[in-house]
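Chains P and X, in that order, give the protein sequences.
Position 46 (the first sequence) corresponds to 46 in the working numbering; numbering is contiguous.
Position 90 (the second sequence) corresponds to 90 in the working numbering; numbering is contiguous.
Some hints here could point you the wrong way.
Here's a subset of chain P near chain X, in silico, CB distances under 8 Å, partners left out [as the list claims (entries may be wrong)]: (1) 15; (2) 56; (3) 57; (4) 87; (5) 89; (6) 90; (7) 92; (8) 95; (9) 96; (10) 108.
So the derived label-pair ranges between C-beta atoms look like this [unchecked claim]: (11) X:29 <-> P:135: 27 to 33 Å; (12) P:65 <-> X:232: 56 to 62 Å; (13) P:170 <-> X:138: 23 to 29 Å; (14) P:174 <-> X:136: 35 to 41 Å; (15) P:15 <-> X:232: 40 to 46 Å; (16) X:193 <-> P:24: 38 to 44 Å; (17) P:177 <-> X:136: 34 to 40 Å; (18) P:9 <-> X:141: 45 to 51 Å; (19) P:174 <-> X:322: 23 to 29 Å; (20) X:7 <-> P:26: 25 to 31 Å; (21) X:232 <-> P:22: 47 to 53 Å; (22) P:134 <-> X:132: 28 to 34 Å; (23) X:83 <-> P:65: 56 to 62 Å.
Rather than coming from a laboratory, the hints here were simulated on the basis of the structure.
Glycine is no exception: its CB is placed at the ideal position from the N, C-alpha and C atoms.
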Amino acid sequence: MRSSLALDRVAVARGGRALLTDVSFTVRGGVVALLGPNGVGKTTLLRAIAGLIAPVAGTITLDGTPVQNLAPRVRARSIALVEPAEPVLAALTVGDAVASARFPHHRWWEWEATAEDDAAVGDALARTGLEAFRAREIGTLSAGERQRVWIALALAQHASVVLLDEPTSHLDLKASVETLQLVREIAAGGAPVIAVLHQLEEAAAFADRVIVLGAGGVVADGAPAAALTSETIERAYGVAVTVERRPEGLAFHRNTTRV
Amino acid sequence: MTTLRLAALAALVPLAMLIGVAIGGAALEPGDVVRALLHPAAGGDAGIIVWQLRVPRVAIAATVGAALALAGTLLQSLLRNPLVDPYLTGVASGAGASIAIAVTVGVAPVLVPPLGFCSGLATAVLVAVLARRGPRLDPERLVLAGVSLSALLSAFITLAIERVARGTASEAILAWLAGSLAGRGWSDLAAASPEAIAGALLGAATIPALNVLRLGEGRAASLGVDVVRLQWVLLIASTLLTAAAVALAGLLGFVGLVVPHLARRVVGADLRVLVPASVLVGASLVVLADALARTLAAPAEIPLGVLLAFVGVPTFLVLYLRGGARGYA
């Protein structure tokens, strides 16, 4: 069964400062790109959807249950969150790191990996092309390889919704494309994906749906071609942009070359 | 492979304890020691020396070593900082300052250990309160609060030593500062065991969550670890363990900081293996060090803390610097 994630009039704040005041949308599948200027509250909203912080107002429900009410392990079995760089024990091997994804599937006295855990970890490593990296220490990996590890972690978690915060930041072109292809595969497997992205081109090329956040709330929500217009982009970012529709996708050109 | 290494470490403990019981100030033949061990009720000089002096002392050394090593492993993992020592929570300096003041003002000797224990816990609570940010503990603030408060309390200890009349009182304080098991017996072990056991059980229950914490606090939270609860449980566990060790042995630096590193080199960073390995290494190390402390300058004793520092720190520095520091990146 596909999961349904619904935000109803959600407001979030960080450090007492109100960011988004009224966000409503429902996600049932596919890749949803969350766009918007720096500081608008994308990351905070994603953390609220993951149940790690409480929204100031409104409700976030997963299949009808407010995520706030879920016990930590139950929540982690339903929602996976991939966040950008956070220091990690450098000596940890890729295999051990990905195996941590099975934590929410264990009760506190269950310390040993089950056959199901091994299968989930093996499958996640295979899908992310990390089988040969199983024994490698994370400290020795490149940024792109590390990002694959975090996505493998989300896969092994077997969550019904996957949230990604800037999955392509610090990645070169090839690593970005590979990461976004993985993201598409996750969504094809049935789990809705919400990804915070910065590159409009990436969002247009890889997302099924784009939600553009501006001051306070949702500026546009729809298929990339419909949601990413000169008008919505200027409203959200305050920058005049010409959107060019090419056969291979959307291209964005800033109208003023001098700032 | 890891299991084999753990088994080897487990074999080290009874071996160290046997050595600890076999040697000491009084010259006993190995045969007498074995006979006394096998026949506890037989009595005699050897029986009394073995069962009333050496066995309790070895048991206490093992408990202290295990408790400090466990507390160090748990705190280093919680704060994700390999340079954290269990005394960081203020337990040791809190206990030390109150013991120094109590000895200076002439509190009845029987009241001094419980007073030290309670002040140690109180200091840890104060450090935790200072380290709070909302409901959670801020690792950086914890280190800062622990180091600052410890410095302040150390000043009280120095003042007490400076003020107190030269003689038995200052010796009592100095013996505590130097770390020693001299004169400890079964009753001391019985008094400290409940805290140590409670701390160990609490700590053990957190091991799977602590393993996930190696990925970072944010990732652990999104994987279903209740980070705030984990922090408080571990702080309580390590404080109980450290308080028990401090009550038994005074200040034994080095063990809580270094043993986790030694154990990590042998069995790796998986806490399911690392925690038992640390406990085993800590117990063996302190038992052997205490045996040396009792015999090297017999009939006098070298303070255990001093001996551990002299032998252990250079060894550790060589091992650690050659192996390269591996932290979080």
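Hint check:
{"no.": "1", "hint": "15", "in the structure": "violated, 11 Å"}
{"no.": "2", "hint": "56", "in the structure": "violated, 15 Å"}
{"no.": "3", "hint": "57", "in the structure": "violated, 20 Å"}
{"no.": "4", "hint": "87", "in the structure": "holds, 4 Å"}
{"no.": "5", "hint": "89", "in the structure": "holds, 4 Å"}
{"no.": "6", "hint": "90", "in the structure": "holds, 4 Å"}
{"no.": "7", "hint": "92", "in the structure": "holds, 5 Å"}
{"no.": "8", "hint": "95", "in the structure": "violated, 11 Å"}
{"no.": "9", "hint": "96", "in the structure": "holds, 7 Å"}
{"no.": "10", "hint": "108", "in the structure": "holds, 7 Å"}
{"no.": "11", "hint": "X:29 <-> P:135: 27 to 33 Å", "in the structure": "violated, 52 Å"}
{"no.": "12", "hint": "P:65 <-> X:232: 56 to 62 Å", "in the structure": "violated, 27 Å"}
{"no.": "13", "hint": "P:170 <-> X:138: 23 to 29 Å", "in the structure": "holds, 26 Å"}
{"no.": "14", "hint": "P:174 <-> X:136: 35 to 41 Å", "in the structure": "holds, 39 Å"}
{"no.": "15", "hint": "P:15 <-> X:232: 40 to 46 Å", "in the structure": "violated, 23 Å"}
{"no.": "16", "hint": "X:193 <-> P:24: 38 to 44 Å", "in the structure": "violated, 58 Å"}
{"no.": "17", "hint": "P:177 <-> X:136: 34 to 40 Å", "in the structure": "holds, 38 Å"}
{"no.": "18", "hint": "P:9 <-> X:141: 45 to 51 Å", "in the structure": "violated, 36 Å"}
{"no.": "19", "hint": "P:174 <-> X:322: 23 to 29 Å", "in the structure": "violated, 38 Å"}
{"no.": "20", "hint": "X:7 <-> P:26: 25 to 31 Å", "in the structure": "violated, 56 Å"}
{"no.": "21", "hint": "X:232 <-> P:22: 47 to 53 Å", "in the structure": "violated, 36 Å"}
{"no.": "22", "hint": "P:134 <-> X:132: 28 to 34 Å", "in the structure": "violated, 39 Å"}
{"no.": "23", "hint": "X:83 <-> P:65: 56 to 62 Å", "in the structure": "violated, 43 Å"}
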